[in-house]
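K.L.:
Here is what each chain is made of, one letter per residue.
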Amino acid sequence: MSNTLFDKVWDKHVIEKIDDGPDVLFIDKHFIHEVTSPVAFVGLKDRGLKVMYPERTFATADHNTPTINQHLPIKDMLSAVQVKTLEKNCNEHGIEFWGLGHKKNGIVHVIGPENGITHPGLTIVCGDSHTSTHGAFGAIAFGIGTSEVEMVLACQSIMQQKPMKMRINVDGKLSANVTPKDVAIYIISKLSSSGATGYFVEYSGNVFNEMSMEGRMTVCNLSIEMGARGGMIAPDKKTFDYMKGREFAPKDKEWEKAVSYWSTLKSDEDALFDKEYHFKGEEIEPMITYGTNPGMAIPISKSIPKAKESDSKSSYKKALDYMDFNEGDKMIGKKIDYVFLGSCTNGRIEDFRTFASVIKGKRKSENIDAWLVPGSHKVLKSIKDEGIFDILTESGFKLREPGCSACLAMNDDKIPKGKYAVSTTNRNFEGRQGPGARTLLASPLVAAATAIKGEITDPREII
Amino acid sequence: MAYDKFKILSSSAVPVNIDNVDTDQIIPARFLKATERKGFGDNLFRDWRFNSDGSKIDSFPLNNKNYKGKILVAGKNFGCGSSREHAVWAIYDYGFRAVVSSFFADIFKNNCLNIGVLPVQVSDSFLLDIFSEIDNDPNSIFEVNLVDQVFQIKDSHKKEKFKISVYKKSNMSNGFDDIDYLLNKKEEISTFANKDRY
Ligand code: SF4
Numbered sequence: 001m002s003n004t005l006f007d008k009v010w011d012k013h014v015i016e017k018i019d020d021g022p023d024v025l026f027i028d029k030h031f032i033h034e035v036t037s038p039v040a041f042v043g044l045k046d047r048g049l050k051v052m053y054p055e056r057t058f059a060t061a062d063h064n065t066p067t068i069n070q071h072l073p074i075k076d077m078l079s080a081v082q083v084k085t086l087e088k089n090c091n092e093h094g095i096e097f098w099g100l101g102h103k104k105n106g107i108v109h110v111i112g113p114e115n116g117i118t119h120p121g122l123t124i125v126c127g128d129s130h131t132s133t134h135g136a137f138g139a140i141a142f143g144i145g146t147s148e149v150e151m152v153l154a155c156q157s158i159m160q161q162k163p164m165k166m167r168i169n170v171d172g173k174l175s176a177n178v179t180p181k182d183v184a185i186y187i188i189s190k191l192s193s194s195g196a197t198g199y200f201v202e203y204s205g206n207v208f209n210e211m212s213m214e215g216r217m218t219v220c221n222l223s224i225e226m227g228a229r230g231g232m233i234a235p236d237k238k239t240f241d242y243m244k245g246r247e248f249a250p251k252d253k254e255w256e257k258a259v260s261y262w263s264t265l266k267s268d269e270d271a272l273f274d275k276e277y278h279f280k281g282e283e284i285e286p287m288i289t290y291g292t293n294p295g296m297a298i299p300i301s302k303s304i305p306k307a308k309e310s311d312s313k314s315s316y317k318k319a320l321d322y323m324d325f326n327e328g329d330k331m332i333g334k335k336i337d338y339v340f341l342g343s344c345t346n347g348r349i350e351d352f353r354t355f356a357s358v359i360k361g362k363r364k365s366e367n368i369d370a371w372l373v374p375g376s377h378k379v380l381k382s383i384k385d386e387g388i389f390d391i392l393t394e395s396g397f398k399l400r401e402p403g404c405s406a407c408l409a410m411n412d413d414k415i416p417k418g419k420y421a422v423s424t425t426n427r428n429f430e431g432r433q434g435p436g437a438r439t440l441l442a443s444p445l446v447a448a449a450t451a452i453k454g455e456i457t458d459p460r461e462i463i
Numbered sequence: 001m002a003y004d005k006f007k008i009l010s011s012s013a014v015p016v017n018i019d020n021v022d023t024d025q026i027i028p029a030r031f032l033k034a035t036e037r038k039g040f041g042d043n044l045f046r047d048w049r050f051n052s053d054g055s056k057i058d059s060f061p062l063n064n065k066n067y068k069g070k071i072l073v074a075g076k077n078f079g080c081g082s083s084r085e086h087a088v089w090a091i092y093d094y095g096f097r098a099v100v101s102s103f104f105a106d107i108f109k110n111n112c113l114n115i116g117v118l119p120v121q122v123s124d125s126f127l128l129d130i131f132s133e134i135d136n137d138p139n140s141i142f143e144v145n146l147v148d149q150v151f152q153i154k155d156s157h158k159k160e161k162f163k164i165s166v167y168k169k170s171n172m173s174n175g176f177d178d179i180d181y182l183l184n185k186k187e188e189i190s191t192f193a194n195k196d197r198y
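So the sequences go chain by chain: A and B. Everything in the first sequence is counted per my numbering, starting at 1 for the first residue and increasing by one. Everything in the second sequence is counted per my numbering, starting at 1 for the first residue and increasing by one.
Hints listed in this document are in silico derivations from the structure and should not be mistaken for laboratory results. Any given hint might turn out to be false.
To be verified - Result set (EDC-like, lysine to aspartate or glutamate): computed pairs, CA atoms no more than 16 Å apart in a straight line:
1) LYS417(A) <-> ASP53(B)
2) LYS186(B) <-> ASP412(A)
3) LYS195(B) <-> GLU254(A)
4) LYS186(B) <-> GLU254(A)
5) LYS306(A) <-> GLU283(A)
6) LYS417(A) <-> ASP47(B)
7) LYS195(B) <-> GLU327(A)
8) LYS237(A) <-> GLU256(A)
9) LYS190(A) <-> ASP311(A)
10) LYS33(B) <-> ASP11(A)
11) LYS12(A) <-> ASP47(B)
12) LYS159(B) <-> ASP124(B)
13) LYS360(A) <-> GLU394(A)
Stated by the list, open to error - Sample of chain B residues with no beta-carbon within 12 Å of chain A, all distances over it, derived:
14) GLY41
15) ASN77
16) SER83
17) ARG97
18) ASP178
We put the CB at the ideal spot given by N, CA and C, even for glycine.
Let's have the full structure, built from the sequences with the hints guiding it.
P.N.:
Okay, structure coming up:
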């Protein structure tokens, strides 16, 4: 029988199939952070349980942490307690913990791949919906709730209904200055923010084949924004080259054996999907969102459309009211107050290289507050080693320390009420970047062009 | 964590007739700083319920005294966005035991089932009926019958069947959770863990 990539990985991890119920699925790797794990540890304690395989769980502090003066004690009492609690729980249970200042610390979905923890063919979970990022390596990776975090800690397994399968093909060539972020936002705008709910997505076609690993991570990261449980891309030579030599990647004989197994991880030619879409790379332009969910997006050169038949009129109006936009408004030229570069969507080294390539030799606009937040300490180090730090500084930009920062604004990095932010993150929900903040999602290129001009700018104009 | 058994629930309902309600609206990130599962109900729909000075926004249904009950009725694609279980804790802690919508986000739905809030998925047209029933009479009673898997508008006798897997249904009606099940499987799990899967 022919199988999809998803079937091959999923079926290999099923311990038991329950009739008219979920599968008992073995979990290979588990990431935890300070916000969604504490109650899970309380649960373990109440039941008198130990962590079953501590060596399969990795912990970082990222969601709630400051991005300046990380060497000082955390000022916000509640955040400080959360991070301390995580450290204590990890010590008690023998879990590897990369806290603030640790050289492997960073956003949970950035540090997994960069330390070689993320491998093809694994099942990976984390109490965070953007766990889908790790699918870029051909792993099944998805976000879970805190009760499930407790299950994985206690039993290294989870109970899940097998999702349906969707394949999204993007063939052809991307135009210059169209980035992986634009490809993902384009797809979400076509499918809507619930278009893939109930599905696990495989991305296929030469646009993804030609994409860097960082780009593939950006695409898989955003799968959740169309409702999908996760997204994955079949591993290839690029995947193996990226992984080779990283700390937690297999070594020597183990590596050879692993690569030969990983090479079998692709959908069979006649494998069946429950749903399939085809798009052309040539049709994709730099994208930007105008509303309050990631599906409300258009090519940057276009105007805000009228509500679609499928939209509820009142919800559509509510979104535009929140943004203080009108149907028919042009996006280009709108005044912007903040630019945010960072997050597990676009906080990797490639994103900083892209940003720097645009701003090099230019000056940051006076009316823009720019927050540049590397996804991890390793990214921060590369920014310095590659001379990007100097380019940023010369153009009037400052760099912060790693963390989730204004992606969810749990720390002090909040966009003020009513202000507009062009952000390389993943969610433009009401208040996501701070109460009353207005978020426009875009690529690092659009963010850079906007930071220079102080208004929404098509990167093709200034490159 | 074990929760109350769920069989049949009769109650009036609170309508939040908005589509695509994401979990950042249900509970904003800045209220996720607790290390225990307590008090989340106070911040349910925080920024829709309260102005920044803490005063109530009268037009929001949760602030309308006419609406009360243990059933929350919401527009389609409810619970999209973040995986934060805190969203369901807030709903539970506020006093809701069932959420009705014509479409739920996946992780949210799992989180509901894991802590004992029943997600009831109905058709788009039936959802409209429910909203207009509450519009006409905020005291209308609805019945969620998990045993027969039926949601009913009491007065009009309009009803619709809803789906739930046999396994989850038995969990909900007995107040069991998945860990209870998995703990009985530990031996199989460790055999599996030690297998060479390459
Ligand atoms: S960067 Fe944003 S989306 Fe990514 S893990 Fe942090 S909060 Fe979640």
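K.L.:
Hint by hint, say whether it matches the structure.
P.N.:
For each hint, the structure was consulted:
no.: 1; hint: LYS417(A) <-> ASP53(B); result: holds (13 Å)
no.: 2; hint: LYS186(B) <-> ASP412(A); result: violated (43 Å)
no.: 3; hint: LYS195(B) <-> GLU254(A); result: holds (15 Å)
no.: 4; hint: LYS186(B) <-> GLU254(A); result: violated (28 Å)
no.: 5; hint: LYS306(A) <-> GLU283(A); result: violated (21 Å)
no.: 6; hint: LYS417(A) <-> ASP47(B); result: holds (12 Å)
no.: 7; hint: LYS195(B) <-> GLU327(A); result: violated (58 Å)
no.: 8; hint: LYS237(A) <-> GLU256(A); result: holds (13 Å)
no.: 9; hint: LYS190(A) <-> ASP311(A); result: holds (13 Å)
no.: 10; hint: LYS33(B) <-> ASP11(A); result: violated (37 Å)
no.: 11; hint: LYS12(A) <-> ASP47(B); result: violated (44 Å)
no.: 12; hint: LYS159(B) <-> ASP124(B); result: holds (13 Å)
no.: 13; hint: LYS360(A) <-> GLU394(A); result: holds (8 Å)
no.: 14; hint: GLY41; result: holds (15 Å)
no.: 15; hint: ASN77; result: violated (4 Å)
no.: 16; hint: SER83; result: violated (4 Å)
no.: 17; hint: ARG97; result: holds (17 Å)
no.: 18; hint: ASP178; result: violated (5 Å)
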